[in-house]
Amino acid sequence: MATGDIEKSVSELHELLAHKDISSTELTQTYIDRIHNLEPDLQAYLMVLEDQALAQAAEVDRKIAQGGVLSSLEGIPMAMKDNMCTEGVRTSCGSKMLVNFIPPYNATVTNRLQAAGTILLGKLNMDEFAMGSSTENSYFAKTRNPWDLEYVPGGSSGGAAVAVAADEAGFSLGSDTGGSIRQPAAFCGVVGMKPTYGAVSRYGLIAYASSLDQIGPLTKNVRDNALVMNAIAGHDPLDSTSVPFEKPDYTKFLVNDIKGLKIGIPREYYGEGIDPEVAKGIQSGIQTLIDLGAEVSECSLPHTEYAIPAYYLIATAEASSNLARYDGVRYGYRAESEDVLGMFKSTRSEGFGPEVKRRIMLGTYALSSGYYDAYYLKAQKVRTLIKQDFDRAFEKFDVLLSPTAPTPAFKFGEKSANPLAMYLSDITTVPINLAGIPAISIPAGFVKGLPIGMQLMGKPFAEGMLYRVAYTFEQNTNYHTLKPSMSREVLARGSR
Amino acid sequence: MVVANNYEMVCGLEVHVELQTKTKIFCGCTTEFGGEQNTHVCPVCLGMPGALPVLNREVVNYAIKAGLALNCEIAEFSKFDRKNYFYPDLSKNYQTSQFDLPICGKGGLEIEVEGEKKWIGITRAHMEEDAGKLVHSGETISTSNESSVDYNRAGVPLLEIVSEPDMRSIPEVLAYLEKLVQILEYTEVSDCRLEQGSVRFDVNVSLRPVGEIALGTRTETKNLNSFSSVRRCMEYEVARQARVLDAGDKVIQETRTWDEGRGVTLTLRSKEEAHDYRYFPEPDLTPLVIDREWVERIRKTLPELPGARRARLQELGLSAYDAGVITQAKALSDYFDAALIHYGDAKALANWVMGDLTRLLNSNQCQVADSPISPERLAELLVIIDKGTISGKIAKSVIEEMYSTSKDAQTIVKEKGLAQISDEGALLGIIDNVLAANPQSVEDYRAGKDRAIGFLVGQIMKATKGQANPGLVNQLLKEKLA
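Residue numbers (the numbering used here), protein chains in the order written: chain A, -16 to 479; chain B, 13 to 494.
Just so you know, the hints here were simulated from the structure itself, not pulled from any lab data.
Computed from a predicted structure; not experimentally measured.
Keep in mind that a hint or two might mislead.
[Said to hold, decoys possible] With a cut-off of at most 27 Å between alpha-carbon atoms, the simulated DSS-like pairs for lysine-lysine come out as follows:
| no. | chain 1 | residue 1 | chain 2 | residue 2 |
| --- | --- | --- | --- | --- |
| 1 | B | Lys474 | B | Lys408 |
| 2 | A | Lys328 | B | Lys95 |
| 3 | A | Lys361 | B | Lys95 |
| 4 | B | Lys95 | B | Lys118 |
| 5 | A | Lys364 | B | Lys95 |
| 6 | B | Lys283 | A | Lys328 |
[What the hints assert, rightly or not] Covered stretches of chain A (in silico footprint by chain B; criterion: 3 or more residues with CB under 8 Å from a CB of chain B, positions within the stretch not fixed):
| no. | region |
| --- | --- |
| 7 | -1 to 6 |
| 8 | 64 to 76 |
| 9 | 82 to 92 |
| 10 | 181 to 190 |
| 11 | 214 to 225 |
| 12 | 346 to 352 |
The C-beta atom is built at its ideal place from N, Cα and C for all residues, glycine as well.
This is chain B alone, in the form it adopts within the complex (with noise of 0.2 Å):
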């Protein structure tokens, strides 16, 4: 894609995920996010002379299942290495991490952008522990009179996962990192809540002119930790490399940062000053082998990806939007195949769930998985329009009473008298008053104009509170005025 003046952009990211273990990847201690300062931490993951780390081996499932569903090779010899470097967050001045070989080798994933799809290949993915977090009494570093280092998240294991330098546009990278999200999600490895920073997101942007084929210089953006965030760095980047480009300078590689505040990236080192991580293989810590029946075992574990769910809502009848809705995230999805099991029409379960149940979660502001109407309660409501019991029309009002007591719908239609009148006899009756009071429109009708009928019905409506059948009114009142 042409970004500006004849360029075309060339992006790779690199994801920063925190798995959701219960505990650190090296110690015991609880990844629970918050918590007062350095309260989760022991000596392990403080970094305290004398102590040793033991990898915590849900932690090696976890990226080994986030590894499959990427699509990845699981490589059945990987260790782990020292990247070295100061920083008072980093309690060893080093990171233990995967250098030379990740337990997740080659994979990649589709995404679909205007209608096109695209494979995004994935280089790589690797364990490694987070570091701490420095708490600056100012604004910045630089502002502050003093810092204190908060090391609950030092050890929180994470999974970096580099993809190819195989992005065009910004629309691409977005549905890159919506798609890979969605599948973090949906195999649970991650909770993904990328406002306290359990994903974070280092983009690697370049420009070259269209038709070239070697790559241009590029620039790596660090710690973006929304999608926002990322669509606006590229922005920016983007537009001011071509600036860079047009006045016949050079692009310089080097480490930027994104002030949010002001919407721009700034330099954070150069390659000249570029940290030379001194990486060698972790002594502390033994190679980890991978058999395969470890990875199948895991295999086993995972879930139906969105993929094949919005193919399966497919075939049962939902359009490719109404799927792609539905499946977009796990919550929902899972919300939906649950109240399926009840109600098979998939169809009318969508609208429902897009519609009706979408409008009040998000008028409350509640998650789908806090929803109070179960899935089954959904389902029952649905069964007893099917029935007749009730009309569409009156279980709009039903599904809100349902919303705001948490009662099912036979007990609210029991208990507001809302079953639909079905009795011939009634209904008659009340046809024959509504005719008398209407003589005008009896005659329209009789004189050929049709849509006199609806005004008819209306009224019966009407006289019913709403809760005439329908269908029964329309054949009666038409035997009636035949």
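Next comes chain A alone, as it looks inside the complex (with noise of 0.2 Å):
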């Protein structure tokens, strides 16, 4: 196969694959390689299943060889975020505390990607029980930015935004809870969706904070970003909370024309905070898309600013009791101890890392009797008002822009001192997990050499929309063709 062929998006190896001019095996081997090539600097996997996606890659080609019709996504190399479960494959979660869970049953999004006959490559690297936005907080590894590997990836998707950012994967799949897609896919320059709570099943996702928590496509273009959209979504019996709706052929929607489309910009996306470069950089994407004939205007969402506080209270409160199974009874890692209370005790003290137990204390802390109503109870009310924001906005708009995140990737250790610091930095994400809407990140410019993101939030299962806006402002952009110079490198390193 042609050196180039690995930047090559999922539609472009899949005709490459359907005329026989690479074969799956081949094509999974020059990721392989690659990965080799490109991990000892980026860390993006946790794991690495050469044999299993060589059999699942020989298989691909068998079919094809018998003159079989390939499906969209059939024999193209791809990876999963580690927090969802693999049958047989170590799932960690990015903790300690399941460095020896291995799952024996699919997740839901698992098997359906599997069906759909893609290649899994490994697991990739995120921040402990997805809890972080630098991937700083996995137990693990520190995965670097390809862009600059003094920077961080952004989280907690972190190893499955530069998994495709440097071409180590075709695909990947992350957890969005609030931005955990979205912010690392703005500081890698790649395409993230975080579709609407409940249009992908959560089971076998392990769970952070289940009602914020939704899983979702990281790719190169958004073409593929739709196709992998409707290979994983679509209600599941298996998830409660899982949607019964229609799903539409998303690449249906990927037309070059937003004339007449209204975008709405609420201005507080755009407060203390925001780097005034990204910000010049999102008003650019802003004209190109008015230019392209859409009808753009500012809105408010007033209580934003309460998003943050809500945000935090609810998904450590869900959290807490999420993570109160692991106690060193039935799996993962197990502290020895004299009774069955120190056994708890320990086996939590050394299993999860400090960012998850502070979660877990803030959330206890937050159901505690006597500080329900004052917190939980008023973050839910919060919550709703949110949603009622986002309903009022799109009674005038069909889509919401605004920059991913307020910066551009940071260095290591910048934040991590600071917590607080770290979750402010999330304003521009948590409020969509909050109201269960959708929302895309797509490539948007630079910033000192760093990709900024550009977030379009839209109403309930309007994915399609969301797709529509992304391919036009794709179609006459060209940040996302570009690619990081040191993976160039590498890539041209590799070749030798």
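These two chains come separately, so use the hints to put the complex back together.
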């Protein structure tokens, strides 16, 4: 296969496979080689499934040889964030607590991607239990941003963003509880979709905050994203919060036309803390959309300032309960002790990292008797108000637009000493999870050599509309085609 | 009721009932009792990472049915909540239960103690999942070197039924429990196998001086599993609290546990040590909306409840006592009703069911549902008694034979030649012989000693091995001696 093929999108690779220009085995082997070349620097993967991937690829090749018709993702190598269960393959959630946990079952998304014929290359690094915005909270490794190795890739789906940005996978799946797909997608210059709550099954996704978690694709371009959504979205009887909706063919929305669409710019998303250069970059993106015929005007989501505190109460409250099961009794890490209570305490003290403990304590406090009304209940009321803000805005607008994150990627250690500063950088992403609506981050330029992302927000189940605007933007810009220089260097090194 | 030293007891109960659905409340695992440890489990009931609950609709059907039978309001909107606490038998370290919006609201049932009727209020009833079971290598958790956990029971559906503090005596408590279990059995929402732990009781008791309105401080004793434990535990707890109050001390609000072997209650945890369960709405399940159509559909499946059955049997001529005995257990009552279709004399039927049939079942330790004598066959037996084919006395030996051989009455009567002799000619011959052999008795009778005829009848029955038709013998004898 040609050297540049690895940079190709899923739909381009599909053409190559379908026309027998390459085999799935060749393609998979190329990705594995690349992973071996880049991983010492990037550390996006927690586990590479070389043999399993090649065996899956061989099966697809047999089908091709027999003249079988390939579906759009068949034979495409991909990887998953390590909080989605994979039968027989260690699923660690980035935690010491699950360092030895091998699930005897697949997540629904794992099954669906398997059924779609994809090749699972491996499992990707993440902040422990998806708690973090830089992937620095992983128990295992520091994943680096391929655009500059001194910088974080974002989080918590840092590995998932890096694997796609550095062409270590055709696409990846991440999960997003407060921005964990969109922010790393923005930091790494890839496309990341956080679908409507209930559009993609959570069965087998190791829970952080059940009412906010949602799985979504990270891809090289918008078309790929729609293709992956086609494979993973849709009702699942194993997840009671999964919605029985009529799943569209998302690629049907990929038209280069946004004439007359109404786009709202919520002014609260440009508040203090936003990097002026990011604001400028997004402003130029807005101009592009205006030039393409969109009707853009400012709007207000008045309760935005309460989103961060509400999010950090609801998410931590649910997390404190979701993570109670890690006690050393049934699976995962177990500390030795004299008695049961001692075992519980030591297991949890030794098995969880500091950020996870911080959030468990916060959440436990928020649910405590005497504090419930003041914290959890009030946060739920704020959540309702935030939802209503969006409902009102969507009466006037087809989509809302903002920077995905207030800044480009930051350096390692820059924010990890100050959790509050880290939390505050989620301001543009958490309201979306609280409201349960879909949002996509697409590459929208560079600030000091680092990518920035534009976030498009839509009505519930209006992923198609987001794809339409994102696709039109992409067709008229070239940000998504730019590749991190380090990966080009390593690519050259690898091909020698 | 004054229990001791001028105190009145006040008692309310929480009853946990396992609903007998085929599968667990949030997964497809079987609810079957027993089984090798940890074989009735899956990722969901083991609380594995990423596994999610899906509500078993049948559990809701059962909860609605029980609620209707207990005169409860069925909530149109209810939801599940997480009750958070750490214990190794709880696979997620939270129990999915219902907190502020339970499926069943206010209801109640009528009890009767020593002829006095009383209404006991039910506050609420809610659905929840059962926990697993700890298996200790030693006698107790503290004397064991190791313990294992069996999660077969984890996720078995429970209905927790909470009563008002309306009971004032131990007999009232027992009457309430018996009535409650009876209703749950009748509605078939639970098999109510107390010995398998399918019903468990938490008892809240307090004392107050007679005439006092304010409630005294209560204790809650958890996890009793038989009526006799409830009775003994309450006797102990009432006496203990009375002693504390008599000594001028205060009862401490606490959770206690019943030590069956020693017959005492012991402190489990004080109010200060009470769990903060940190309830919050279960985010993995959507709220439960029950439209009225659903409730009506379930209402149509309600069986005739014990109170109504008893009234019907009394109308058929049974005494209040007999009707009560027959309807005590649903199985016996169902048997009775099945026999009643084929034999209309309820009173006679009740005598046989409560008498010979029950005696045979008891002495063979057999459940009425497994009776070798079907209701139809018992009815047949009573029909041939009424026809005069056999006497009541012969019937008693026939029913024994029916029980041990599983044959029907007609066959036994035919095979053993037990049919009554109602042939006048044959009987007259026998009567002549008996009269000839007992001239003294004949003389006594004619001299006015009426009792002598009894002896003569006895001799005739003896000569016919009991098969003579007693009515006919009497009639013929009197004609002869006239």
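We went through each hint and held it up to the structure:
1. B:Lys474 <-> B:Lys408: 17 Å, holds
2. A:Lys328 <-> B:Lys95: OK: Lys328 of chain A and Lys95 of chain B at ~20 Å, within 27 Å.
3. A:Lys361 <-> B:Lys95: 20 Å, holds
4. B:Lys95 <-> B:Lys118: Since the Cα atoms of Lys95 of chain B and Lys118 of chain B sit roughly 22 Å apart, the hinted pair holds (cutoff 27 Å).
5. A:Lys364 <-> B:Lys95: Given pair Lys364 of chain A, Lys95 of chain B holds - Cα atoms ~22 Å apart, limit 27 Å.
6. B:Lys283 <-> A:Lys328: Distance of about 23 Å is within 27 Å: holds.
7. -1 to 6: violated (count 0)
8. 64 to 76: holds (count 5)
9. 82 to 92: holds (count 5)
10. 181 to 190: holds (count 6)
11. 214 to 225: It holds, with 5 qualifying residues against the three required.
12. 346 to 352: holds (count 4)
Hint check: a violation occurs at hint 7 only; the rest are consistent with the structure.
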